[in-house]
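The primary structure of each chain is shown beneath.
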Amino acid sequence: MGIEQKLGNMGVVTLSLEQVVNWSRTNAMWPMLFGLACCAMEMISMQAPAYDVSRFGMELMRASPRQSDLMIVAGRVTRKMAPVLRRLYDQMPDPKWVLAMGDCASCGGIFNNYAIVQGVDEVVPVDVYVAGCPPRPEALIYGVLTLHDKVRKEKITTWK
Amino acid sequence: MPQVREIETTVDELKHLFSDRAATGETMVLNMGPQHPSTHGVLRLVLELDGETVVRCIPDIGYLHTGIEKNMEAKTYLKALVMTDRLDYLNNVGNNLVYCMAIEKLMDVKVPERAQAIRVLMTELQRIASHLVWLGTHAIDMASMSVLLYCFRERERIMDIFEMVSGQRMMTSYIRPGGVWRDLPPGFEAVVADFLDYLPAKLDDYERLLTNNPIFKLRTQGIGYISAEEAVRWGLSGPSLRGSGVNYDVRKAMPYSGYEQYEFDVPLETGGDVYSRYRCRMREFRESIKICRQVLAKLPKGPFITTDRKVTPPPRSELGHSMEAVIHHFKLWTEGFSAPRGEVYVAAESPRGELGVYLVGDGGPKPARVHFRTPSFVNLEALALLGEGYLVADLVAIIGSIDIVLGDVDR
Amino acid sequence: MTHVEKTVAALRARFPDALEDVIEFRGETTVVIAPPAIVEVCTFLRDDPELGYNYLADLAGVDYLPAEPRFAVSYLPYAMAANARLRLKVYLPGDAPEVASVTGVWVNADWHEREAWDMLGIKFTGHPDLRRLLMPADWEGHPHRKDYPLGYEEVQFSFNWREIDAKKPYAKD
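Residue numbers (the numbering used here), protein chains in the order written: chain A, 75 to 234; chain B, 13 to 423; chain C, 984 to 1156.
Hint data in this document are derived by calculation from the structure and do not stem from the laboratory.
Take the hints with a grain of salt, since some may be wrong.
Here are the simulated distance ranges between beta carbons [unchecked claim]: (1) A/D168 / C/R1145: 45 to 53 Å; (2) A/E133 / B/A205: 46 to 54 Å; (3) C/G1124 / B/V94: 24 to 32 Å; (4) C/E1137 / A/D223: 29 to 37 Å; (5) B/Y210 / A/G85: 27 to 35 Å; (6) C/E1081 / A/E133: 14 to 22 Å; (7) B/I227 / A/D168: 34 to 42 Å; (8) A/D168 / C/E1051: 53 to 61 Å; (9) C/A1120 / B/D120: 38 to 46 Å; (10) C/E1051 / B/K322: 25 to 33 Å.
The list that follows gives simulated cross-link-like pairs (lysine-lysine, DSSO-like), each with its CA atoms no further than 27 Å apart [unchecked claim]: (11) C/K1072 / B/K117; (12) B/K264 / C/K989; (13) C/K1129 / B/K91; (14) C/K1155 / B/K378; (15) B/K117 / C/K989; (16) C/K1129 / B/K378; (17) C/K1155 / A/K227; (18) A/K229 / C/K1155; (19) B/K87 / C/K1129; (20) B/K87 / C/K989; (21) C/K1155 / A/K224.
Remember, it's a predicted structure, so these values are computed and weren't measured experimentally.
Glycine included, each C-beta is placed from N, C-alpha and C at the ideal position.
Generate coordinates for the entire structure from the input sequences, incorporating the hints supplied.
Set out below in structure tokens:
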């Protein structure tokens, strides 16, 4: 108690490196503009003023994968699009996370057929799945917050 | 990984479509890939550029092909309805409507007046919502970000209305064969009337921002010109056609669902360029508001779905005391209703143009063939013509003005 | 006499052998044409000043397996001035279905025919660029045919989840 109080009065904070880095990663995680289908509409609604996601620092959707941290796969991924998705994922620099938004990205959704990849986890490793068809913007924000919790718990040994 | 292949260079396949200058290297072939902020979805354009000018523009589609038509053949008519929402994902109610109208035409089922009026109201609200997305995304391509945020704010109010009626913001599946799913909740008319009073002032704001804006006009006037004859030749429909002066609107030409009772104009512009199509759609907002007000004023009383028990399940209150109700309920929820042998084509006016369903029945409970004539598919073909000779930045404006939705194109 | 009735009469007069059948169903008229005559019929419908079918609304292929003839192509020209819609159908045999392309008559038939080729395997002779439209270029098979499987993945319940999970090709980073 004594030394921390004195340090606090001097304006010095003590934290572990893990906590600092994880907190800063969650603070402004830029999503990549990867809206494919109907879920993209709810993703844009999430950025719209009603369910403002810029309070989490995420209003800036970068079109270039090189400048983004989070890939929100919003919509159904077809077999024709799967290599493109993988290539974009590979172009994102570490650390990167993937959020599978909606039923089609999580498990193929209602489209159980020849053309749709049954769950985008066949193509890229997914961190958080958000269910819904399409998930409400609030559900998507909850998914983002779950991802933030997951990032905050990352250990220094598993960092990329 | 077994499912993912490397992307082959497909420029070789498309070599025959480029001009000779590409082979010598005088012009450059550039890929405006499936992931691009301005293509409004997963559209791939292979452009042949002479400096910044587009010499050839070849769309490569199929990145969102979901096989909806084949998947619907595996489901009963009612279960397949759920898939129609996801076709043109900005016109969910319109897709439901045209599919249900096709089933009703095939089975010769009559829809009560109240249901028809509710359908018109929902479709026009959906048209306003779709045009709001068009306006927002078109404006942000012209670098006007505020309009995007404003439009989505208005859209939230429409989504609240949809949620009030069906429980879902976008994929309502509210329109069912024979009518609508359930009656309007109490307080609905007040909410819609409130919204319709609120919207025109906002539209005036957006017009003040864009219509006489010199930057907007420089970027849209004279760009993407198509003449009326060419537009008809290429099969365009909707505001893309009416922006060139051709008066074809399915609501007026072949009225459906009671549209003939309502007074509205079909906005026509003669410029044929991006600016005219913009003006056309802005006027369509006002016409939709007019139609909605008339529907609310005239909303008839009565059943909201047909009482033909071969098509519609009975309400649960009847199941307690009527044996026929139980039998109908059982048949409809296990096997589904069967449509006769035959084929029909029904068209409706979606915010993008003529949306048609070609339904082939074979006497069974599942559709034998469902084919959607989607407006974006046909309108996108004309991009090869519309884009030539303009700059790459103009191409972005042109794609925005045709208002394509990739779910509509690829199905 | 409605425009559609006038059209059918004109077709009967001009192409008596090519016209195989006229079907009226739910207020729509379908004219079945013999496949070799389709381009002539379409050109006549478009160019004749009284008929004026200048707009092609839809072109779709249908698979009627197991009935023979297996395939059909349905054309839907629309006369804009007269506001009349007609359907033309050609029936094609099951093995190597081929019909002449109408891209010379209506330009927007291009993509519709490419889709019919991609999805059903119906070949359109004289088409400027007949290649796959919606499926990847190296895809094998024609998905909308009735004998093409839906590609259904088994639904995972708690009793079979482990087996399905073991077989599913998850991506390792």
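Is the distance from the Cβ of B/Y210 to the Cβ of A/G85 consistent with 27 to 35 Å? Because 50 Å falls outside the window, the suggested range is violated.
Has the hinted range 38 to 46 Å been met by the Cβ atoms of C/A1120 and B/D120? At roughly 44 Å between Cβ atoms, B/D120 and C/A1120 fall inside 38 to 46 Å, so the hint holds.
Range agreement (Cβ of C/E1051 with Cβ of A/D168, hint 53 to 61 Å): Since the Cβ atoms of A/D168 and C/E1051 sit about 59 Å apart, the hinted range of 53 to 61 Å holds.
Hinted pair B/K87 and C/K1129, Cα distance within 27 Å: holds, 14 Å
Just tell me: holds or violated, for the beta carbon distance of C/E1051 and B/K322 against 25 to 33 Å? Between C/E1051 and B/K322, where Cβ atoms are some 32 Å apart, the hint holds.
Hey, C/K1155 versus A/K224, does the alpha-carbon distance stay inside 27 Å? holds, 19 Å
Is 24 to 32 Å respected by the C-beta to C-beta distance linking C/G1124 and B/V94? Given a distance of about 27 Å, which is inside 24 to 32 Å, the answer is holds.
Need the status of pair B/K264, C/K989: alpha-carbon distance at most 27 Å? Status holds; Cα separation ~23 Å.
I want to verify a distance hint. Is the separation of the beta carbons of A/E133 and B/A205 within 46 to 54 Å? violated, 33 Å
When you take the CB atoms of A/D168 and C/R1145, is the distance between them in 45 to 53 Å? Given a distance of about 32 Å, which is not inside 45 to 53 Å, the answer is violated.
Distance restraint between B/K87 and C/K989, which requires alpha-carbon spacing of 27 Å or less: This hinted pair is violated, its Cα atoms lying about 40 Å apart.
Run the distance test for C/K1129 versus B/K91: straight-line Cα separation, threshold 27 Å. holds, 19 Å
Violation of the numbered hints given earlier is confined to hints 1, 2, 5, 6, 14, 20; the remaining hints are satisfied by the structure.
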